[in-house]
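Generate coordinates for the entire structure from the input sequences, incorporating the hints supplied.
As given, the protein sequences belong to chains U and W, one line each in that order.
Residue numbering for the first sequence follows the working numbering, beginning at 1 and increasing consecutively.
Residue numbering for the second sequence follows the working numbering, beginning at 1 and increasing consecutively.
Mixed in with the good hints, there may be bad ones.
Claimed, not checked - To give an idea of the chain W side of the interface with chain U (calculated C-beta under 8 Å), a few residues:
#	residue
1	Tyr10
2	Gly40
3	Gly42
4	Leu43
5	Phe48
6	Gly63
7	Leu90
8	Gly102
9	Tyr103
10	Gly108
Said to hold, decoys possible - What follows is a set of in silico ranges between Cβ atoms, one per label pair, in the way DEER data are often shown:
#	chain 1	residue 1	chain 2	residue 2	range
11	U	Ile18	W	Gly40	34 to 44 Å
12	W	Arg110	U	Ser55	31 to 41 Å
13	W	Asp59	U	Gln111	22 to 32 Å
14	U	Ala29	W	Glu17	37 to 47 Å
15	W	Thr15	U	Ile20	41 to 51 Å
16	U	Gly83	W	Met88	14 to 24 Å
17	U	Gly83	W	Gly40	19 to 29 Å
18	W	Leu11	U	Ala29	35 to 45 Å
19	U	Ile12	W	Ser107	22 to 32 Å
20	W	Lys57	U	Asn27	15 to 25 Å
21	W	Tyr10	U	Lys71	38 to 48 Å
Said to hold, decoys possible - Away from chain U, derived, C-beta distances all over 12 Å, residues of chain W:
#	residue
22	Thr15
23	Asp28
24	Asn31
25	Leu45
26	Lys70
27	Gln85
Don't read these hints as lab results, they were simulated from the structure.
Beta carbons are placed, not taken as given, at the ideal position from N, Cα and C, and that holds for glycine.
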Amino acid sequence: QQQVKQSPQSLIVQKGGISIINCAYENTAFDYFPWYQQFPGKGPALLIAIRPDVSEKKEGRFTISFNKSAKQFSLHIMDSQPGDSATYFCAASRSSSNTGKLIFGQGTTLQVKP
Amino acid sequence: DVKVTQSSRYLVKRTGEKVFLECVQDMDHENMFWYRQDPGLGLRLIYFSYDVKMKEKGDIPEGYSVSREKKERFSLILESASTNQTSMYLCASSALQGAVYGYTFGSGTRLTVV
Numbered sequence: 001q002q003q004v005k006q007s008p009q010s011l012i013v014q015k016g017g018i019s020i021i022n023c024a025y026e027n028t029a030f031d032y033f034p035w036y037q038q039f040p041g042k043g044p045a046l047l048i049a050i051r052p053d054v055s056e057k058k059e060g061r062f063t064i065s066f067n068k069s070a071k072q073f074s075l076h077i078m079d080s081q082p083g084d085s086a087t088y089f090c091a092a093s094r095s096s097s098n099t100g101k102l103i104f105g106q107g108t109t110l111q112v113k114p
Numbered sequence: 001d002v003k004v005t006q007s008s009r010y011l012v013k014r015t016g017e018k019v020f021l022e023c024v025q026d027m028d029h030e031n032m033f034w035y036r037q038d039p040g041l042g043l044r045l046i047y048f049s050y051d052v053k054m055k056e057k058g059d060i061p062e063g064y065s066v067s068r069e070k071k072e073r074f075s076l077i078l079e080s081a082s083t084n085q086t087s088m089y090l091c092a093s094s095a096l097q098g099a100v101y102g103y104t105f106g107s108g109t110r111l112t113v114v
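Written out as structure tokens, the structure reads:
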């Protein structure tokens with residue numbers, strides 16, 4: 001019940017294309033769903049996050065889509081650029097928890113070809 | 001600029017050695033975390049601490065211990081290093097209920113046990 005499953009493990013997209021990464025969770029107590037972006041040699045950094053009271057959140061070229069009934073959420077990167085090449089992690093948490101513990105997915109390595 | 005600093009970028013240790021990985025944060029955060037990152041397995045929580053001298057086991061605590069004597073410092077200890085502990089280790093910190101404010105990660109320590 002604590003797992004977050006992420007797919008695909010790797011993704012290759014042409015410049016200008018749409019990158020889509022999917023995640024699924026089991027624990028219905030989760031109410032906060034962030035995505036983290038990690039460049040080589042760096043730690044992950046918060047990219048964008050969503051709560052289940054909305055079905056979509058957009059920040060620039062990055063959009064999270066959320067389907068509460070299916071317990072799934074996805075990251076869409078529009079007009080993908082070579083600079084977006086990185087590893088992406090979805091995560092889930094109970095926002096009421098004082099320890100703020102995040103459960104991460106398995107990660108997706110995105111390569112955007114010029 | 002807020003920081004989480006991990007003392008070593010690369011470490012090579014011998015099987016059976018006691019290994020210390022150090023992490024320091026300058027944000028006065030209550031929560032600190034140790035994750036290991038392995039391809040295809042994502043970020044797996046080893047231990048976390050929500051206060052000085054307080055610690056809780058994560059998902060994969062076996063073979064590890066931690067120490068938090070000061071708020072800013074969180075150490076991961078491999079009591080007797082084994083080859084299956086070869087991995088990238090990431091330290092993170094967050095404020096209370098920090099999931100919703102984001103984790104700040106260090107750049108990681110790549111540990112090789114030979």
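Point to revise | Unmet hints by their number, sorted upward, for this structure | key: Result: hints 1, 6, 11, 24, 25 break, sorted rising.
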